[in-house]
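Chains as they are written, first to last, in the working numbering: chain U, 24 to 183; chain S, 449 to 725.
Bear in mind the hints are in silico, worked out from the structure with no lab data behind them.
Hints are not guaranteed to be accurate.
For lysine to aspartate or glutamate, the following EDC-like pairs were computed, each having C-alpha atoms within a straight-line distance of at most 16 angstroms [unchecked claim]: (1) S:Lys672 x S:Glu532; (2) S:Lys507 x U:Asp118; (3) S:Lys698 x U:Asp41; (4) S:Lys665 x S:Glu526.
Among the chain U residues that face chain S by a calculated CB cut under 8 angstroms, a handful are [what the hints assert, rightly or not]: (5) Val40; (6) Trp108; (7) Pro129; (8) Lys136.
Sample of chain U residues facing chain S (criterion: CB under 7 angstroms; computed from the structure) [claimed, not checked]: (9) Lys52; (10) Ser94; (11) His98; (12) Ala123.
Positions of the beta carbon are idealized from the N, C-alpha and C atoms, including for glycine.
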Amino acid sequence: MPTFVYMTRCDGCGHCVDICPSDIMHIDKTVRRAYNIEPNMCWECYSCVKACPMHAIDVRGYADFAPLGHSVRVHRDEEKGTIAWRIKFRNGKKDMELLAPITTKPWGTCIPKLSEAAAPANDMRDSELLFNEPKYVRMDDGGLHTLESNGLELKEGVYY
Amino acid sequence: MFTSNPFSELTALISPEIMQGYIILMAILVFLGTVLDMVHKKSAKYFFENSKKAQEAAKRPVGAGEKAGMLVATVASEVLTSSEFCYVPRRISHLLTMYGFVIFVITTALMIFGADTASGTLPALWHIGALMLAVGGYWFWFFIRVDVSAEGKKWYELCRADIFIVSLLTMATFALLWSFTRDVAGWGMLFFVLFIISSTTLFSTVLWSKFAHMFFKPAAAFQKRVIKADESRENLPPDYDLTDPAVQAKFPDIPEYMGKNPPNMGLGIKRELPHHY
Chain U
24 MPTFVYMTRC
34 DGCGHCVDIC
44 PSDIMHIDKT
54 VRRAYNIEPN
64 MCWECYSCVK
74 ACPMHAIDVR
84 GYADFAPLGH
94 SVRVHRDEEK
104 GTIAWRIKFR
114 NGKKDMELLA
124 PITTKPWGTC
134 IPKLSEAAAP
144 ANDMRDSELL
154 FNEPKYVRMD
164 DGGLHTLESN
174 GLELKEGVYY
Chain S
449 MFTSNPFSEL
459 TALISPEIMQ
469 GYIILMAILV
479 FLGTVLDMVH
489 KKSAKYFFEN
499 SKKAQEAAKR
509 PVGAGEKAGM
519 LVATVASEVL
529 TSSEFCYVPR
539 RISHLLTMYG
549 FVIFVITTAL
559 MIFGADTASG
569 TLPALWHIGA
579 LMLAVGGYWF
589 WFFIRVDVSA
599 EGKKWYELCR
609 ADIFIVSLLT
619 MATFALLWSF
629 TRDVAGWGML
639 FFVLFIISST
649 TLFSTVLWSK
659 FAHMFFKPAA
669 AFQKRVIKAD
679 ESRENLPPDY
689 DLTDPAVQAK
699 FPDIPEYMGK
709 NPPNMGLGIK
719 RELPHHY
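Start from the sequences and build out the full structure, keeping to the hints where you can.
So this is what it looks like as structure tokens:
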């Protein structure tokens, strides 16, 4: 499902070009609008779709599994700190809306000061664990957290 | 000099009828170029198909009165103040260029078609228009356009995308130079010829330049408002009010993780301008 750009919405700001991990969103030399230079290499990460302030980027479904056209569109609202999705099935009957937080604190205010943390001691360097791993994965807080230790169980099938 | 009509002295050399004919020819070229551009890029076809699709997906009807209101809002916001641009310097440069161009073209036509220029207002406006066009245009050309600011392209490396901006800039520049040197033998005529070459290029290359954006951009901005009003939103999710109890009941993650009245989180990736490519 490679991305494509609605030319009437794009204003050529370059946020998609900046964020694309595959470096395939470029600014067109003639019309100065963004476009996907290599759709084959697009892995549908949706980074550009979410970053676009104009909602000018969409993702096209391949004709073999989305012959009648479906729609997966997203609005990432930084000021509200949420991401909203709208998923329309190809028969048009199912129209789902989802909303989830993407931050709980204002952006840029809670960056962990990792450079101020104490350097790892030699025994930590020789360990198979990564720096600060027991603390960060909460292994020192009653062992490794599992579904069982949290009173949960894995159910069969697809469920929401 | 600033308040004298540069075209009145020209009548000794070129008859007013020829000048008027030139203006009409340029208007016809713009019209033909825009129509050909729409046919070639299928932009009008795309626009109407898209608007039909939006109408089919509409959740509520939008009346003619509401549409008229949206038309006024589009003109007041997107057209007159270029509100589409998020980046402030680009918006200011666009406004200077746009108003400069409009003032310059209208005053040129008025002066050539024999409007009274005795008070000096029209020639002064003509010079101001050309200056605004030059200031906004050169600012864009040397600092703002994406090839320069992001791709490190030199200002003198031209490509097809530059037809519009370069012919606009040369038209304004040579118009001013012609006006200031028209008493100097040789130079005045040279700048006048360059001015005419630039303006002819600008108005006759609509099919290959982005000149037509001034017609389809307002239409696209209007359509953006319509899809919000009829709630089809081009399949985009709604703009939720996080403090609304109905939204909080539908999406319990919001009050659980963000509280019942989430603060404004400020800007995330948009704190930095995109310039890393």
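How the hints compare with the structure:
no. : hint                : verdict
1   : S:Lys672 x S:Glu532 : holds, 11 angstroms
2   : S:Lys507 x U:Asp118 : holds, 12 angstroms
3   : S:Lys698 x U:Asp41  : violated, 34 angstroms
4   : S:Lys665 x S:Glu526 : holds, 9 angstroms
5   : Val40               : holds, 5 angstroms
6   : Trp108              : holds, 6 angstroms
7   : Pro129              : holds, 5 angstroms
8   : Lys136              : violated, 19 angstroms
9   : Lys52               : holds, 5 angstroms
10  : Ser94               : holds, 4 angstroms
11  : His98               : holds, 5 angstroms
12  : Ala123              : holds, 6 angstroms
The structure shown violates the earlier hints numbered 3 and 8.
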